[in-house]
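Use the sequences and the hints to build the structure in full.
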Amino acid sequence: MTDPRVVRGMQAQLARWRRRIAGGAARVGWKIGFNSPAAQRQLGLDGTVVGHLTQATVLAPGTSHSLAGSRLVSAEPEVAVHLGRDVPAGAGGDAARAAIAALGAAIELVDIDGPLDDLEAILAANVFHRAAVLGPPRTERAGGALAGVTARAFRNGDEVASVEAAAAAGDLAAVVRHVADWLAAFGERLCAGDRIICGSLAPPIWV
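Counting from 123, one number per residue, gives the positions in the sequence shown under my numbering.
Keep in mind that the hints were calculated from the coordinates and are not lab data. Every residue, glycine too, gets a C-beta built ideally from N, C-alpha and C. The reader is advised that the hints may include incorrect statements.
To be verified - The following label-pair restraints were derived from C-beta to C-beta distances:
1. 193 / 138: 32 to 40 angstroms
2. 141 / 289: 32 to 40 angstroms
3. 182 / 129: 29 to 37 angstroms
Here is the structure:
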């Protein structure tokens, strides 16, 4: 990891994450940011970035969430990977797939509350994360199998997105490996019990 914007931004983000964990916020896992190639080009990235999740911002399904103080919020339908094993840096594809104990649905609320061209600040502030909801884990999808799954998103009862999940999500084992390598570069690790929300499956759903 040599981009100084990434290094400084992640150091700041993880320092804040460690303080939250020390203060009692339960660790939940990690999030993928900027899985759109267009967004990556705009920021001069050659891949996705990583943010964190704690129980402070993970909502129970069916609960409400106030948007007070927000600026520009969208909902992103995503796949959540539930890990059953630690994944070290440098793990191969087979090891990463074996670590995927289940898959589930997820929705992330993203608030574009700052400049879109300041990568260091974006990373430091946890990649516009505001909240997330995780659906129940589906163990029959262990290993990352998404074949035959159609992801549908609804707003006020109306379908607003429908995609073939396997095509939109890509290789979930590669996502797991990327997060493991990314965290290791900053002195952290991907652990059994972590969840990874793997990036939006569809264009933002503005709320």
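Comparing the hints with the structure gives:
1. 193 / 138: 32 to 40 angstroms: violated, 20 angstroms
2. 141 / 289: 32 to 40 angstroms: Hint holds: Cβ distance 39 angstroms, inside 32 to 40 angstroms.
3. 182 / 129: 29 to 37 angstroms: Holds - the Cβ-Cβ distance for residue 182 and residue 129, about 35 angstroms, lies within 29 to 37 angstroms.
In terms of the numbered hints stated before, the structure departs from hint 1 and from no other.
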